[in-house]
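Engineer: Position chain B relative to chain H; hints supplied.
2 protein chains.
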Amino acid sequence: MWASGFALRVEWALKLKGIEYEYVNEDIPFNKSEELLRLNPVTKKIPVLVYNGKPLAESLVIIEYIDETWKEGYSIMPKDPYDRAQARFWAKFADDKCTMPLFHVFSTEGEAQQKAVEEAREVFKTLEKALEGKKFFGGDCINYLDLAIGWFAFWLPIIEETVSISMVDDENAPLLKAWFGNFLEVDVIKSILPPRDKTCEMSKMRREQLLSAE
Amino acid sequence: MWASGFALRVEWALKLKGIEYEYVNEDIPFNKSEELLRLNPVTKKIPVLVYNGKPLAESLVIIEYIDETWKEGYSIMPKDPYDRAQARFWAKFADDKCTMPLFHVFSTEGEAQQKAVEEAREVFKTLEKALEGKKFFGGDCINYLDLAIGWFAFWLPIIEETVSISMVDDENAPLLKAWFGNFLEVDVIKSILPPRDKTCEMSKMRREQLLSAE
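Chains as they are written, first to last, in this note's numbering: chain H, 107 to 320; chain B, 107 to 320.
One chain only, chain H, in its complex shape (with noise of 0.2 Å):
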């Protein structure tokens, strides 16, 4: 799905090792294809990537994946085993911790808004740690935990212009700015990215979709 986070972290796996691939773009959560349904009945959501004729489900998982898969060229995963366990460590933290804070802000308004808004500026103060003395996540370059944490760097400054609140900024999580900026000018980042216009359109759609149907 074309503004998808999840997938775009396999995208850019896949470019940073330079594997050529084929897109299939899945109308999701509305419409999902057979196809979908039959390459991963378990869970039933993308990013799927198929290798061999063989399907994987579940972003993180195939990232690992593809490093394993493709030794040659650039490496996702950091080399020292406890760098790699800390890695997979914040990747989990992120996805446990700061997509449902995220995602409350963007579905509700009022009090139930607010609290979701103090809970995320907590949990993104907390990620920033991972950043502390770095430029990126992996260091000087990008690695896993960045391709983890980068669907942030382009959608919550859209999640914060669609709902007219600030989370990530110079107060209350500077390094996790600045950050977002550093991420998206590396080129195979900014290579592959949604458009912008159309995902905040679809963003403030969505929202008041949710909003509609509480």
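By construction, these hints were calculated from the structure, which means they are not laboratory data. Keep in mind it's a predicted model, so treat the numbers as computed, not measured. Hints may be right or wrong, so weigh each one.
To be verified - Stretch by stretch, here's where chain H covers chain B in the computed footprint (C-beta under 8 Å, at least three residues):
hint, stretch
1, 183-190
2, 193-201
What the hints assert, rightly or not - Listed below are the simulated DSSO-like cross-link pairs for lysine-lysine, each with C-alpha atoms no more than 27 Å apart in a straight line:
hint, chain 1, residue 1, chain 2, residue 2
3, B, Lys150, B, Lys203
4, H, Lys221, B, Lys138
5, H, Lys185, B, Lys198
All C-beta atoms, glycine included, are put in the ideal place defined by N, C-alpha and C.
Structural biologist: Just chain B, lined up with the frame of chain H:
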């Protein structure tokens, strides 16, 4: 914490590798030590592995770290990248989809509980697909996925007993049911299990606490 399934994962992995370790109990969730908060300030959860003075949290992350750090001996991760990716996919499925319904079965009653029971039966039925044609999730021997899912083999029958409801049985998930027995018969696994009676007692007490807190 002596009855934690997530701590068990790590102990099993250490034991499979033949690594000597010092076990420090934590009185969670109500009485976390200063040491725990210092070692894992981000999620404040157990287990935490400390090796060479460096702490690491998140049980699945720790298992992979153990396998990558002590390369000799028992192989915890599957050797083939695709098998490894599939194991990670299913471990994530179990954590994301099976744990919560099970907790709801444990912590509610009446209609809410009935709904959770149906959901739990469904996800465990799905989970056993990863077992088709195999004795263990790892094939002839246990590996990463067995360790990840292993706590269900011990805890699920105790929860079933606590709430007097069957979820994984010969009718709903016969392969998983058989695996429960096979897994708990593995020497290393059997050698590190919490005392069943004490766990049952705690389980019943905890359920009463949760129900009366509603």
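Engineer: All hints are to be evaluated individually against the structure, with a verdict given for each.
Structural biologist: Quick rundown of the hints versus the structure:
| no. | hint | in the structure |
| --- | --- | --- |
| 1 | 183-190 | holds (count 3) |
| 2 | 193-201 | holds (count 4) |
| 3 | B/Lys150 to B/Lys203 | holds (22 Å) |
| 4 | H/Lys221 to B/Lys138 | holds (26 Å) |
| 5 | H/Lys185 to B/Lys198 | holds (23 Å) |
Violated hints are absent here; each numbered hint is respected by the structure.
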